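Undergrad: Next come the chains, spelled out residue by residue.
Protein chains: 2
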Amino acid sequence: MAVPNFTQNELDEIYAFAVDLGRKAGDLLMERVELRISGGEGNSQKFEEKDSSVDIVTQTDEDVEVFIRNALQTKYPTHKYVLPSDQWRLITVTNKLKDQRFLGEESYAKGSSRDYLIDEHPTWCIDPLDGTVNYTHIFPMFCVSIGFIVNHKPVIGVIYAPFQDQLFSSCTGRGAWLNEKRQLPLIRKPSIPPMPANAPSQCVFSCEWGKDRRDIPDGNMHRKIESFVNMAAELGSRGGKGGMVHGVRSLGSATLDLAYTAMGSFDIWWEGGCWEWDVAAGIAILLEAGGLVTTANPPEDPDTAPIEDMRLGSRLYLAIRPAGPSETETGRETQERTVREVWRRVRHLSYTRPGA
Amino acid sequence: MAVPNFTQNELDEIYAFAVDLGRKAGDLLMERVELRISGGEGNSQKFEEKDSSVDIVTQTDEDVEVFIRNALQTKYPTHKYVLPSDQWRLITVTNKLKDQRFLGEESYAKGSSRDYLIDEHPTWCIDPLDGTVNYTHIFPMFCVSIGFIVNHKPVIGVIYAPFQDQLFSSCTGRGAWLNEKRQLPLIRKPSIPPMPANAPSQCVFSCEWGKDRRDIPDGNMHRKIESFVNMAAELGSRGGKGGMVHGVRSLGSATLDLAYTAMGSFDIWWEGGCWEWDVAAGIAILLEAGGLVTTANPPEDPDTAPIEDMRLGSRLYLAIRPAGPSETETGRETQERTVREVWRRVRHLSYTRPGA
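Chains as they are written, first to last, in the numbering used here: chain A, 1 to 356; chain B, 357 to 712.
It is worth saying that the hints were derived from the structure and are not from the lab.
Owing to the predicted nature of the structure, the values given are computational and were not obtained by experimental measurement.
C-beta: ideal position from N, C-alpha, C; glycine also.
Each statement offered as a hint is correct.
Restraint ranges, calculated between C-beta atoms of paired labels, are given here:
(1) B/S706 to A/Q59: 42 to 50 Å
(2) B/N535 to A/E300: 46 to 54 Å
(3) B/S706 to A/L235: 17 to 25 Å
(4) A/N9 to B/G592: 54 to 62 Å
Capping the alpha-carbon separation at 25 Å, the derived lysine-lysine pairs in BS3-like fashion look like this:
(5) A/K24 to A/K75
(6) A/K241 to B/K567
(7) B/K431 to B/K380
(8) B/K380 to B/K537
(9) A/K211 to B/K597
(10) A/K75 to A/K153
Full structure from sequences and hints, please.
TA: Shown next as structure tokens:
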């Protein structure tokens, strides 16, 4: 049993509950879309400014968080909600779920602080609506994201994108799944291929422009763009940094970026600036599928630095899809080689936590 | 009757046939995906180099084109196929469909020339598989695209993305639809909103990195990137060009970019370098839904230049979603205002046709 203090049966029960919860929360998101399409809802106009004009939150976002919290409470009536500050809510669990915490994006955003609140306790880390901009524009790439973390490790992940009825899920020991019937990753031909020998060439590269659009020389936006261009440009160009990736994709949802990386659709996802609730479920699924996640920021010597596991609260992520062995390398070796090739081409990003 | 030489009944029949054909061709694409997922197909390995390492074509691509041609032949046995050169095939139609031509991407690509072959005759312009890179990586954003053009005007469009079972379609006089039941655009609240007063701010901007990754100073790649950054950067930055769009999206499928613009999910799509078979169906659907398409390349005076209809073979497209009136402007005026705001921020792209 890889997860401390939980039997597989207990985990299975939580997993089934989380899948059901994700599907219901996604259906609620979709119900509101249906109302907007039929013209029946005034709510869609009630946007509220968050950090900037590209970070809006809808009433739906908050309603779905309330729904999720209530569902947890109904399922486990002995849970307690403790609100140590306005910034976040703590669920202390007195039954089998022990001391479980609930972190939802909206709970954080109401306050000014976004301290990293996850410790070794079992913690629910949830984004009721990832891809808010997509949601407000009715672009299908939005989803609910539910992660369950034990001892800093995401052990259960559920991502449901209701417009396309795609449910990605995983539980430690139970594999990673699309719609509970197809095992991830999907790409097999006939088994999971290694990362390409000349990666990042031949890779689909997933990245996001994000919300920090300040036009500061050498600021994050320009560092991101420079990194994107290095990954995209023809081989040998840009002082050897040209990576000639097969394609560059931006969906506007970190959660779905990770889900598609777990699926094998994307080979590489590189991102800075998102938060733990954006990635907790996706990282659980990616890791269970056989993917690798480390830091987006290149170390001083990308050729030899150890490739460490990502820190969930780091806001800096580099994910590589699951990979099988090549004739000369293990799958993990092909992934690590790809990590180093990405690190050679990307810039250091500067994202801190407020107050940190 | 807006379409010369066709009654609405004749168009309706062609429309129904095209929808059925699109669905069947998409199902064929999906069958091959299923085989790859289950490990049963060696075909998936048989990639053939096209123009560059980012332009691969699968056997499936060609097979689906053959399927579509055969289906046309079966439905209309009096059609003739005339092959005036190795580069393309001409279908001369002797029945009600008159003189109809069939242009498919694979037919073009086999030869060296990509002359623009569409004239005033009724012409089928088809991409059996748009989003080839997505398809080979099993990222769901791939589709079949079937356009029917009369007198240079796309009058019927069918786009089917089988992985997500999304079928976009339109016929002049019959509206534009998602899955033949929801009218496009989807965004209503309660009626189609105008383009934002401060567009491109608040807009979702769709664009593609494309296949031309040559690292030439002031080449197309760098002009594209500069344009993307102008659209994304905070308002007032970059010498007034900062557009602070709500989000930047890249799906890797020009056809689906247009479909989502017709749906209202994307507000602006700006692209250079794709071909008429990538856009014919999408433009038909967008126009029928109330969208606007003009050239990607800004004229000398973007403030006053006439906003002309796109030329299908121009390889340069700027599409604006359907829009309703504001308190002071017609929907069309809000679209044209947005076109000018985009033109102020983007660079001139240089895409010619081989031989042109």
